[in-house]
Amino acid sequence: MQPFSYHQVEQADTAIASARLDQSMYLAGGTSLIDLMKLNVQTPQQLVDINALPLAQVEQQGNGVRIGAMARNSDVAYSAMIRERYPVLSEALLSGASPQLRNMATVGGNLLQRTRCYYFRDTAFPCNKRVPGSGCPAIEGYNRIHAILGGSDRCIATHPSDMAVAMMALDAVVQTRGPQGTRSISIADFHLLPGNTPEQETVLEPGELIVAVDLPASPFAARSHYLKVRDRASYAFAMASVAAALELQNGVVRSARIALGGVGTKPWRAYDAEKALINQPLNQNTLQAAAKAAVQGAKPQKYNGFKVELTKRTVMRALATVGGMA
Amino acid sequence: MNSSDMKSVVGKPLNRVDGHAKVTGAARYSAEFPVAKLVHGVTIQSTIASGKIAQIDTRAAERVPGVLLVMTHLNAPKVSGEAGGDRKLPLLQDNQVRYSGQHIGVVVADTFEHAMQAAALVNIRYDEEQPALHLKEHLDQAYVPQGKIPRDQPPDSAHGSVEQGLATAAVKVEQTYTTPIENHNPMEPHATTAVWQGDRLLLYDATQGVFGAKKKVAAVLGMPPENVRIMSYFVGGGFGCKGSTWAHVVLTAMAARQVNRPVKLVLGRMQMFGPVGFRPETMQQVSLGATREGNLTALRHAGTSITSTFDEFIEPVAKTARMIYACPHIETSHRLVRLNVGTPTYMRAPGEASGSFALESAMDELAYALKIDPIELRLRNYAEFDPDKKLPWSSKSLRECYQQGAARFGWQKRNPTPRSMRDGNTLIGWGMATATYPTNRSPASAIAQIKADGTAVVRSGSQDIGTGTYTVMTQIAADALGLPAEQIQFELGDTNLPETPVSGGSQTAASVGSAVHLAGTEARSKLLQLALMDQASPLYGATAEDVIAQNGRFLLKNKAANAETYGAILSRHGLKTIEARADAKPGEEKDKYSMHSFGAQFVEVRVNPDSGEVRVSRWVGAFGVGRLLNAKTANSQLIGGIVYGIGMALMEHTVMDPNRGRVVNADLAEYHVPVNADVPSIDVIFVDEQDPHVNPIGVKGIGEIGITGSAAAIANAVYHATGQRVRDLPLTLDKLL
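Here the protein sequences come in this chain order: B and Y. Heads up, the first sequence is in my numbering, so the first residue is 1 and it goes up one at a time. Heads up, the second sequence is in my numbering, so the first residue is 327 and it goes up one at a time.
Incorrect hints may appear among the rest.
[What the hints assert, rightly or not] Listed below are the simulated DSSO-like cross-link pairs for lysine-lysine, each with C-alpha atoms no more than 27 Å apart in a straight line: (1) Y/K462 - B/K302; (2) Y/K414 - Y/K378; (3) Y/K739 - Y/K716; (4) Y/K1061 - B/K299; (5) Y/K716 - B/K292; (6) B/K302 - Y/K885; (7) Y/K363 - B/K38; (8) Y/K852 - Y/K716.
Calculated directly from the structure, the hints in this document are not laboratory data.
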């Protein structure tokens, strides 16, 4: 770890003003940032501690729910409003990390957590995400945990969040404040594909602060489910995960949301899979069509070819559960 | 007079005597000793797997405030890392890089933070060479080890001719099984605090063997051994990686001498993957031949494992095959392939754990090929004596283990057809395997001292690596001395105490326990003699056989009123203490008997057919391990071994980058060991077994047998559940899709 200065702030404005300095980062739960600082992967010169900001509420907002950026993962997961109206989000949060980590980790921080790519986390390796232009050893290396969707020849690192995958299925909107004012950003637009600039992971501008995530009311959110497949029963990142939500009318799908985790370079919305279900009854054929569409364009690597089949099966199982077939 | 005359403390489920100290934080581990003027060391590690350090620029590191020393091969004192046996240690004596993660420098600073900051600022330029990284690519370079496998056995063995045995076989199984690199990951990382007092060196070290550390450190530094003292009161798990003295221990001592201050050096979790050993990758060929009736006609187990380019460690995978089943033709062999990796080392049941995966999987394959129940197949080949040594067993309860384990598990309800058992969509599989581990014992000494206040102190070098040594030795001493456990203070973990062996090979209970038993018995005997010859004693004139020792008193068997306390005898003789020392060692029993623990593992797995996820849902293990010293710690030891086996079977896998040879999953988030949710309730049965031959206290050692057979039992259950035979560990979901 390299030396840094540390400031606690109590107001969002002060936070934003403080963070405009170069090499400054916001410190929320710290479960990812402090870890990466110890590894010298992130070396901010200043930490602006935003834990005292009054942004930890989970509350009704219009017909939807607003979740403060500093709400802890545990508090969101166990919120009655979330469990009843957006079960996929509660399930996704509880499938991640461990109770200790969930008690610290925040909603804003979770959206910004960094990849678990081995090569990103070890400064002895080159990494385009960490040192732009230095190369990607994962593509030729051990890439069992890497992405099959959304990769580029510069980066195939997965986004590790479970929470963000559920939010993709819920059409969440990220609310921010920054030096240029406030913005509302659709979750689908929030994370960026790696392309030629894997170091740019989100659309956030320097100093811009996430203040809340809004979950709109929807006809499908209450019938939703998060299914995570992993190498051990708890405390493991997804090999593949699916957030699924359905609006059914007389057994016919009226609207559908399918988002994937553990397989994409960002929280992955499977639009084609959703389309395959619209106005269709749920049966083996339509589930298979959706599963096939979900992995359309997948580019498996040497060690992660299994993720294509695993993703398809996970999509089918998640849909079957949501659709009451399982 | 004998211990059966009194109520025995041995065997009782006594709570750990050090439990309170541990849960309150009072127990001091090696990085926790407050030493005046202590400074902090951090090692710098190589980032390439093979080559030379062309340039090492320490200027930026030296400018960090508080930095006292940046020690590299350019300024390190000259020492010999090969002196003193044990592992060969790279100790900054040259610019050669032998594996990625080799210690190539030490930074010492006033604070840990300054040392870490500086270590990251050392700039190194390498001349890289092409590393050898893959076992399969270098099989043509496999060689016959120069060394022996444990118990001084040659790497190869042959009884009869396997080719001949296979030629007459009605059914054959010939398969290759592979196991990956695994790392020990005790909760407490390696830690050393080095304090120089003139030309004497005191090391607080997280070690499984204080005396081994003393000898190695003295030899490497060219010091008389009596000038080195090692203390290790509490060790937070070892599993083998703390059995040898590794480079960082000596480097800490070297750095402390350079800066003339005590230095503490704790390895980070990432640094636990490489420089302190690991279970090596293996490739094992097993050939079995059998008659239609299931009698083995041939058994060959040929193992190849990896070692480093500069040292040799043999994973003795085929050792068990020499003795576990009756068969006229048995051949075993061990080969090594040198790669640019750190030197492997002992890891919980080295050889037995990895070897039993191959052999016990092959036995299951043979059972299916013959359509014979896997227990029945094993019974038909039950070894009534050791087929390698041609010696009788000192005791063997394997038949009872199969019977009692199977009964508790409900094995007879098993439908052997793969995929025949389901719970809804979930596939259920039942598998079993044989477990075995040798009974080891080494010379060990102890001193027992009875005090006038009626308490006793018993001392023996040794170590408690979390296994319960403090507790079980207290129990043995209690029985030997005729005192309640709470009146006994047992001291260990210091080379100033009587010499003992490494806590490895499941031998501490047998070795140290025998010494403690003999020292305690002798001290009590000496005290009794004082009384018997003393006219003032109510015991005067009686013989030792007439006397019972109980709660710190001697009393006549048939006249309990004639009694006196230990304190009274000592006081009357003007003695503050009476003590005895025992130097115990194995005797001719090892030439007359083959000594092993045996067991049977039964497991139920549940497999999700869509995801390939395997979860263990039920476990019964039955073991014959001689006398139990403590029912509670013994149960915990077996459970711990089985949990280690669940990890080995389903998740443990140290992954090296295929091009650069760096471990890529060197942390506890990515290197998976079982979490609570992965572990079902584990039912351990101890089969009643009395072994009068093994050692004076009749124990066989229980630290390692729990893992043996575990991985095979799971793989066999997975086959039963899915019809898929996985011969490559770990058994991750991608292998079942």
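Hints versus structure:
1. In summary, the hint linking Y/K462 to B/K302 is supported, as the alpha carbons are separated by about 17 Å, within the 27 Å threshold.
2. Taken as a hint, the Y/K414 and Y/K378 pair is honoured in the structure, with Cα atoms around 19 Å apart against an allowance of 27 Å.
3. Of the supplied pair hints, the one linking Y/K739 and Y/K716 is violated, its CA atoms being roughly 37 Å apart against a limit of 27 Å.
4. With a C-alpha separation of about 20 Å, the suggested pairing of Y/K1061 with B/K299 holds against the 27 Å cut-off.
5. Our distance criterion of 27 Å between C-alpha atoms is broken by Y/K716 and B/K292, whose separation comes to about 62 Å.
6. Of the pairs offered as hints, the one joining B/K302 and Y/K885 is violated, with about 83 Å between alpha carbons and a cut-off of 27 Å exceeded.
7. With a C-alpha separation of about 26 Å, the suggested pairing of Y/K363 with B/K38 holds against the 27 Å cut-off.
8. Annotation: proposed proximity of Y/K852 to Y/K716 is violated, straight-line Cα distance about 42 Å (limit 27 Å).
Hint compliance for this structure: hints 3, 5, 6 and 8 are broken, all remaining hints hold.
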